[in-house]
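Residue numbers (this note's numbering), protein chains in the order written: chain A, 1 to 109; chain B, 1 to 285; chain C, 1 to 138.
Hints may contain errors.
Quick list of the computed label-pair ranges, beta carbon to beta carbon [what the hints assert, rightly or not]:
| no. | chain 1 | residue 1 | chain 2 | residue 2 | range |
| --- | --- | --- | --- | --- | --- |
| 1 | B | N33 | C | D110 | 30 to 38 Å |
| 2 | A | T20 | B | I87 | 31 to 39 Å |
| 3 | A | T91 | B | D198 | 49 to 57 Å |
| 4 | B | G52 | A | E19 | 49 to 57 Å |
| 5 | A | T91 | B | N233 | 21 to 29 Å |
| 6 | B | N33 | A | R36 | 31 to 39 Å |
| 7 | B | T92 | A | Q35 | 30 to 38 Å |
| 8 | A | V89 | B | A102 | 30 to 38 Å |
| 9 | C | D110 | B | Y191 | 40 to 48 Å |
| 10 | A | S85 | B | A97 | 44 to 52 Å |
| 11 | B | D198 | A | T101 | 48 to 56 Å |
| 12 | B | F75 | A | T91 | 14 to 22 Å |
Straight-line Cα separation of at most 25 Å, PhoX-like style, residue types lysine-lysine; simulated pairs [stated by the list, open to error]:
| no. | chain 1 | residue 1 | chain 2 | residue 2 |
| --- | --- | --- | --- | --- |
| 13 | B | K232 | A | K24 |
| 14 | B | K232 | A | K104 |
| 15 | B | K152 | B | K232 |
| 16 | A | K37 | A | K104 |
| 17 | B | K232 | C | K130 |
| 18 | B | K232 | A | K37 |
If you are wondering where the hints come from, they were derived from the structure by calculation, not from laboratory data.
Given the structure is predicted, the values throughout are model-derived calculations rather than measurements.
Built from N, CA and C at the ideal position, the CB exists for glycine as well.
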Amino acid sequence: MADNVTPRVRVPREAAAGETITIKTLISHPMESGQRKDGDGNVIPRSIINRFTCEFNSEMVIDVTFEPAISTNPFLEFEAVVPESGTFVFTWYDDDSSVYTDSKDIAVN
Amino acid sequence: MKKTLLSASAVCLAMAVPFGSVMADENADLIINGELEITVRAPAPAHMEGTGISEIMSGWVFRATETQAFEMDDFENPGMIFTEAAIDAWNTVEGEAGESCASCHGTPEDMAGVSAVYPRWNEGAGEVRTMTTQINDCRTEQMGAEAWDYDKNDMLNMQALLASVSRGMPVDVAIDGPAAETWEMGRELYYTRTGQLDLSCANCHEQNYGNLIRADHLSQGMINGFPTYRLKNARLNGVHSRFRGCVRDTRAETYSVGSPEFVALELYVASRGNGLSVEGPSVRN
Amino acid sequence: MSFTRRETLLMAMGTAFAAVVPFKAFADVDGDIATFTGGAEVGTGGITLIAPEIAENGNTVPIEVDAPGAVSIMVLATGNPTPAVGTFNFGPLAGAQRASTRIRLAGTQDVIAIAKMPDGSFVQATQEVKVTIGGCGG
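Extracted from the complex, chain A is given alone in its bound form (with noise of 0.2 Å):
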């Protein structure tokens, strides 16, 4: 079970219709591999962020699935096409079923 998971995203609040933007996200999470042992040499089990998405106004820009190898604090940039004004909706699924999410809105002048 991770606490203190904070997700993070950076949007640009506005673009031109059709523009395509760059998206970066960061969420801290420990990323646990289940290949480190603890001081009595027990596996300490995986507990990772296995999934990411995002999507705008209900539609798919982006869906990553994450393995043990990436790092602590999961970074993702992408890049995604503004059709009209709209919400970017993100979310990440974690191995023990807790799901966090975050979202940001983009205006189109």
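Given the structure of chain A, go ahead and fit chains B and C onto it with the hints provided.
Just chains B and C now, kept in the frame of chain A:
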């Protein structure tokens, strides 16, 4: 004895060179978010005369290009995400007095300049205080709250926040007056060899900065970037924890986090960086 | 030719210090690729993988993959205990079929990116990343 040590270290360094080095662009300048200029090179302060160092350099200068890039943008810098947790803590009422940090200190931005002058002599307490001991004094004496553990997450997050609002301001710790005795102790510790490997801070960070230790590019050991987000453990790290690591790497029994020896050493090492900008939270190897 | 004990020790140290000995793949990289491609041929060209030649620390290595027009891109770290790193699936509103992230590499190894194109073909790019061992508790 000295000859053997030199030849042993020469062997180590010579071995490291063939497979290439993780060289940074050593002339690069650090500008954060395209606007915040960080001084990463400065003339050495007067008290360093005789050390052979004429220009002091932040650890940033010695890191690989990709690592340097992490720090140039507050979003890319994973250390900055922890300042947000600290902002929440800053505004949270805690303790018997029913106050938060904000009650007395305003916004975190109002604390600009504080981190730059710590460690600092505290007249009322009759000792040199570090940011950590001062924050805990505020918590226990003013807020009636529990102290935070030295170099653990709550404290490191807060230190990162307070450093971040001072970024770009020159480090300026006082080494004279009542702080002088502590500073002298710190200086002596800096030059004292310890451990099975019989190394002092100066052996690496004064005599061999810029050289390679295995594949690590040795820095001058400046702490203007602390707390630092280390790629190695993917979290914020405090100064005393780093001291412990370094001393342990010489295979010596080391002082504890928060000990008077490390407070003195922190004051001395901070003063070697007088003139560099406060850079924390930085990103390092 | 006989070596002195010192020379033998130095040679051994030299091999140990030169931490560029590639790790053997622990798991079935080919199996992961076959699952992704369904056994189809994998060509080259049209996909870019950007990763440092020498990673300062294997715990956090920045990489970028870019394959214009791709449906998805899979990244494998051939020398990790488990090669799978991640798969980027691009939707209709992806502005480019490009993504950047940070990964863990257990040692010097080849990183592979394979893109699935809309016509069912596959292309890949490979880069060796040297992972170094630092001297100061690194």
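Exercise for the section: Please test the hint of 30 to 38 Å on the beta carbon pair from V89/A and A102/B. Expected result: holds (32 Å)
Problem - Outcome of range test on Cβ distance (D198/B, T101/A; 48 to 56 Å) - result: holds (55 Å)
Exercise for the section: Compare the distance between the alpha carbons of K232/B and K130/C with 25 Å, and conclude whether the hinted pair is satisfied. Expected result: holds (16 Å)
Exercise for the section: Indicate whether the distance between the beta carbons of F75/B and T91/A respects the range 14 to 22 Å. Expected result: Distance hint for F75/B, T91/A holds at roughly 19 Å.
Problem - Assessment of proposed distance window 21 to 29 Å (beta carbons of T91/A, N233/B) - result: holds (28 Å)
Problem - C-beta pair S85/A, A97/B: status relative to the range 44 to 52 Å that was hinted - result: holds (47 Å)
Practice task
Would you mind confirming whether the straight-line C-alpha gap from K232/B to K37/A stays at or under 25 Å?
Solution key: Roughly 17 Å separates the two Cα atoms, so the pair holds.
Problem - Pairwise beta carbon distance, T91/A to D198/B, judged against the given window 49 to 57 Å - result: holds (55 Å)
Exercise for the section: Go ahead and decide if the range 31 to 39 Å is satisfied by the Cβ distance of N33/B to R36/A. Expected result: holds (34 Å)
Problem - Y191/B and D110/C - C-beta distance against the hinted 40 to 48 Å - result: Holds - the Cβ-Cβ distance for D110/C and Y191/B, about 46 Å, lies within 40 to 48 Å.
Practice task
Kindly confirm whether 49 to 57 Å is satisfied by the beta carbon distance between G52/B and E19/A.
Solution key: holds (55 Å)
Problem - Given hint K24/A paired with K232/B - CA-CA distance at most 25 Å - result: holds (22 Å)
The structure does not agree with the numbered hints 14 and 16 stated previously, though it agrees with the rest.
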